[in-house]
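2 protein chains.
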Amino acid sequence: MTAQRESLRAILEPQSVAIVGASDDFSKINGRPLKYLLEFKYGGRILPINPKYGEIAGLRCYPNLEAIDCDIDLAIVAVPAKAVSDVLESCAKRGVKSAVVFSSGFAEMGEEGKAAQERIGVLARESGLLVCGPNSLGIANLTSGMTASFSQTLERKPASGPIGFITQSGAFGTFLFGMALESGLTFKYFISSGNEADLEFADYVDYVLDDPEVRVIAGYVEGLKNGGKLKEVARKAASLGKPIVLIKVGRSSAGTRAARSHTGSMTGTDAVYSAAFEELGIVRADTEEQLLDYASAFLSSARLPQGRGVGIVTQSGGAGVLAADRAEMVGLVVPELQDETKKQLLGVVPRFGATGNPVDVTAQFIAEPALLRDSIALVDRDPQVNGIVFCLGLMDLHWSRVAAELTELSKTVTNPLYVSWTAAPSEALEALRSAGIPVFPTPTRTIDALAAATSFNMRREAASQRVFPAAGPAVLPEVVRQLIHGARAQGRDHLLEWEAKQVLAAFGVPVPRGQLVGSSAEALQTAEALGYPVVVKAQAIGLLHKSDARVIELNVANAQQLRLAHARVLARAREHGSPEAIRGILVEEMVNGGLEVITGVSYDPSFGPVLLVGLGGIFTEILRDVALHLCPLEVSEAAQLLQKLRGYQLLTGARGTTKRDLASLYEALAAVSRMAAALEGVAAEIDVNPLLVLPEGQGVKAVDALITLRSR
Amino acid sequence: MTAQRESLRAILEPQSVAIVGASDDFSKINGRPLKYLLEFKYGGRILPINPKYGEIAGLRCYPNLEAIDCDIDLAIVAVPAKAVSDVLESCAKRGVKSAVVFSSGFAEMGEEGKAAQERIGVLARESGLLVCGPNSLGIANLTSGMTASFSQTLERKPASGPIGFITQSGAFGTFLFGMALESGLTFKYFISSGNEADLEFADYVDYVLDDPEVRVIAGYVEGLKNGGKLKEVARKAASLGKPIVLIKVGRSSAGTRAARSHTGSMTGTDAVYSAAFEELGIVRADTEEQLLDYASAFLSSARLPQGRGVGIVTQSGGAGVLAADRAEMVGLVVPELQDETKKQLLGVVPRFGATGNPVDVTAQFIAEPALLRDSIALVDRDPQVNGIVFCLGLMDLHWSRVAAELTELSKTVTNPLYVSWTAAPSEALEALRSAGIPVFPTPTRTIDALAAATSFNMRREAASQRVFPAAGPAVLPEVVRQLIHGARAQGRDHLLEWEAKQVLAAFGVPVPRGQLVGSSAEALQTAEALGYPVVVKAQAIGLLHKSDARVIELNVANAQQLRLAHARVLARAREHGSPEAIRGILVEEMVNGGLEVITGVSYDPSFGPVLLVGLGGIFTEILRDVALHLCPLEVSEAAQLLQKLRGYQLLTGARGTTKRDLASLYEALAAVSRMAAALEGVAAEIDVNPLLVLPEGQGVKAVDALITLRSR
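Quick note, the sequences are listed as chains R and Y, same order.
Here our numbering is used: the first residue of the first sequence is 839, the next is one more, and so on.
Here our numbering is used: the first residue of the second sequence is 839, the next is one more, and so on.
Since the hints were made in silico from the structure, they are not lab data.
A quick note: this is a predicted structure, and the numbers were derived from the prediction, not measured.
One should not assume that every hint holds.
Same chains, same label: a pair holds when it works inside one copy or across any pair of copies.
Restricting the straight-line Cα-Cα distance to at most 16 Å, the calculated cross-link-like pairs of lysine to aspartate or glutamate (EDC-like) are [to be verified]:
#	residue 1	residue 2
1	LYS931	ASP907
2	LYS866	ASP1234
3	LYS890	ASP862
Okay, chain R solo, but in the shape it has when bound (with noise of 0.2 Å):
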């Protein structure tokens, strides 16, 4: 029997904290829990746990959990591996609420470690109790003081702040949390999620983002084990406008082999994480430096940009060029600023400064403060500003000055201020972080900074409303069921190309007339019907590579021809197997005028079905120029997924090619989408390839189609 599943409260605000293992050395893993504990001053009840001691640090140590007169909200296990299916036990029994798991030894170790950690999981789950790790470096809330860790950062004893970080990674994560410290930013939340044989990334997110201290989630990913918890909290992430920031790693070949054996987890692909994390408005940071200024800059009072455009403002031009640079580079767009602007700016700008974008105010503003307000003030009011960045640097004489405006023109001006301030004097920061501005050491750091709030604003309503449904058998049009009913009958694991189509069709796929026929006389027939010319193609058992085998005849133009290629194509067919794998001959319309896109679904093990789209030949095979999205997804969305191919021109009559029925083209990838979405946990995967689109106002045809199924 599955028990009722506490809150992740026991774990992460608990009033009890036992100590396994406890040692009185605090320089020890299973000594530095309680040393921090005492230090961080955690008001709840300490309970080592030791039959070696009677005490430790004036605290009463027990010899065993059930020496314990009280509740115990949270357990630390800090005992080697062999010992902590044990020491779980005796918490379940004892009715010990959570546990943090330090042990190492697990999936990281090779098929041994990965039984004894299925086992945790399915002692949590059956018994209820909550199990972060193992191989977790431990928790901590340190608005609680409560430092279930030994974590070498809170040697540098932080203060509590308004972010939640949670990392796959134990040390890693502490690196970055001792980094955070260094720029200023703290955290309430520290949280190694370890290897999660029970608790996984996203369930602390969801905790997490309940806290209303808590205004930015930042952390580190390997791979998530269920994609679907992640798009249920990046929704609510969304909803409630609290960003979600994360280092993911696993790009690369010699990534993600890296990341399997440390915490013993698939990384999946990529290419899908890249597309989930946008569709949920999932903030990605390429570097370490990017994971903490995006951090700083949501937790900044500033608004988020409403569109793309940034004014720069700076005392260099060099700082301005690097910045308007940059900009361009993050996608992000340094209009012109409109005449009547520049004409203001004539008469506020010195004469060797510029007053273009970047408009340069030179040093002289720090003579004439009226300078950066008025010219601050007036890129701001241009209509084709959503940010603004102001480029200086050092100011060691006249760092408070400078500080005093900027914190007074924040207040004024409409569009989010970004600071870029090199080399800066500490307390110019300190006064400025204070004051709720985002400032950062670089023009390039700051543009990166506010690309980041731009992107993120501009995902987010769509990532609030955005509903996948659930996960799982839905229910299928009549004909579809038959159709795999059909098939599975005969123990295949694919539907006839036929028998696809038709699948396509009911989920509104356009593909082209035709019928299945046997004899060359039905074939006949059914070409008359269809009208001259048609093709011509055998539909076997196990025969997917049609080309290769040259059981395809296109263009047949004549009754002639077709007898001869009825003929033809019925004899390579038996070539490649068994007479009975041969199901009929399809005869369809032919298409002709058509460009070619490939689509085609994958089952991500963690995000379910996944949308591919590229043009077809070299775009896709040479130059791997393919967009992916989750399903389903909206005919908006499908357009947008369109743009980001390289060869996307090629479909709107670019340079004397032909304009496409692009709104058919977004119809039928949604029609894709959907069928993907309803024959998740049926479909293996699924083919369209080519789906043909025609010129503007003739629609597209899927010409071929493979979907096979899982095996059950």
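Fit chain Y to the known structure of chain R by using the hints.
The following block gives chain Y in isolation, referenced to the frame of chain R:
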């Protein structure tokens, strides 16, 4: 008459410095240099000039230049823009050797300022006075204390060091100077080149390279007037093994616009700079941190990596994954270690660690120093490893022991050892830096620095041997000379296709066999000689778009078709211009089965002839898949260049395409580049479009070509 120019010694190592317009207010721009010269204990003579004072800060103040009785090596000019010209003339007259002009208000301020700036250049060249600026923040030599600058960073009392820093942006250069100090990097030279009326960026690099105290050049560049000088100094730098690391701005349209108004300089095409920097062995930094990190890597005592293989050893699995990801992203390779290495690592690394690459030694290495030593030694011996990255973090309690250990290790390893130490105690960083170990704050930045060192080393030899022919008219083959002379004599700005093809042929670029004919009878005769099918094209002055004008007939198969084609082409050519413009009909062999490649040459104002190559059709027109190279290029360079094309595989026979005659293509590109170099100053643009690349063994053919001439 042009005077003999002094070496830059007078401006960078002056024995005496006059300050024209000196002020006793040390907070002012014209007061600060004096303050700094005193503070930095400049040993030469300091000569303030201002009729208002008898002395400043205990130094005699002169009423004017003439009143000074000793030689003046350098004059600081800090007067209003209008007065600059007079001051410089006095300097020249007085025999002052050099001047640094702080005053702004020149090319950055429109036509009038531009003209004034040009006059400064003329004065400098005619008199021999060396001029830095105008609009310069000054120059400082921190070894001699010669601080002819008002850079704010001098307030922070920087020590002298091994970096020569040259910046085209004064203020931003000063910010970078400040940022460098914060990360422990010290400059010997700080040079703000300003608007470069006289001395240019490359002039300073040239001088500074010869200074034995300088080991790395770092800088900020907006645009170079004279790429030829850069080519020279880059080769010198490569020969000396002194890396040049640059931030080059002006990548974006907004950035280019801003750079122009900032120093009035043209930034040129960023793609040309990218190609040039790569070929010249100049290391391009994309961010402010990269500029400093790369300089720091080159200053360390670590050897340069001999190849792209990186072995990652890490305290934290997570840091290792991030490093591995980044390595692949920036072009390094993270090889699987050899079985033998892995076997030996198994005996060393804890069971919960990892022995792949990354090698995860876990925090256990703190307790067991041998673990770190042995792991790094084993990775170092793996033949696929060319550089080692060790990732760790924090270590507040043990940093001193670990730093000592790494210092020992760095002496024993064969490959360079780079350290990523996140959230390090500052003493640890100092300890490693003083031991000459390259150390960075994150795995990402460590990998970036190692990649920069690798690229530099792999390009260095080629860059040191690169010879560019002197720009200017070369001796052209007689036939080429005559064709150009003929066109010029007719007042034409272009060669006809037929003429251009003769030029191509003269330089060894294969063209179709063919003949320019007049009458239909001549055409028949030529076609018989060539063999059918043939191509027929009208050759008329000004008729550049032959396809649009339909004056080309392809695949003409026999005499009858030829007669018709001849007549049609002639008639259409007449519709497009006067009969006199028609120079004849070109009859050529028809070339079938070729893959279209586009190549061409433009003449960059800074770098001279630049070859462009791309695949035809959508590749160039829609995907903009092109690669650039300075001319001339060698056959081996052509091979490398083509590999940069995304569509490169279409040439190599991938995925069922035809393998193309790559050897002939390389030869042809090299030939075009030699032609481009020879035609420098004569041609304005060269287009070979298309160059058909036939199947392997069958060569290439330039089937259309256009050469436009420079106006004289």
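Hint by hint, here is what the structure shows:
Taking the shortest alpha-carbon separations for LYS931 and ASP907, only the intra-copy value of 14 Å comes in at or below 16 Å, while the best inter-copy value is 99 Å. Proximity of LYS866 and ASP1234 under a CA criterion of 16 Å is satisfied inter-copy only: 15 Å between copies versus 44 Å inside one chain copy. For a Cα distance limit of 16 Å, the shortest separation of LYS890 from ASP862 inside one copy, 10 Å, qualifies, whereas the shortest one across copies, 77 Å, does not.
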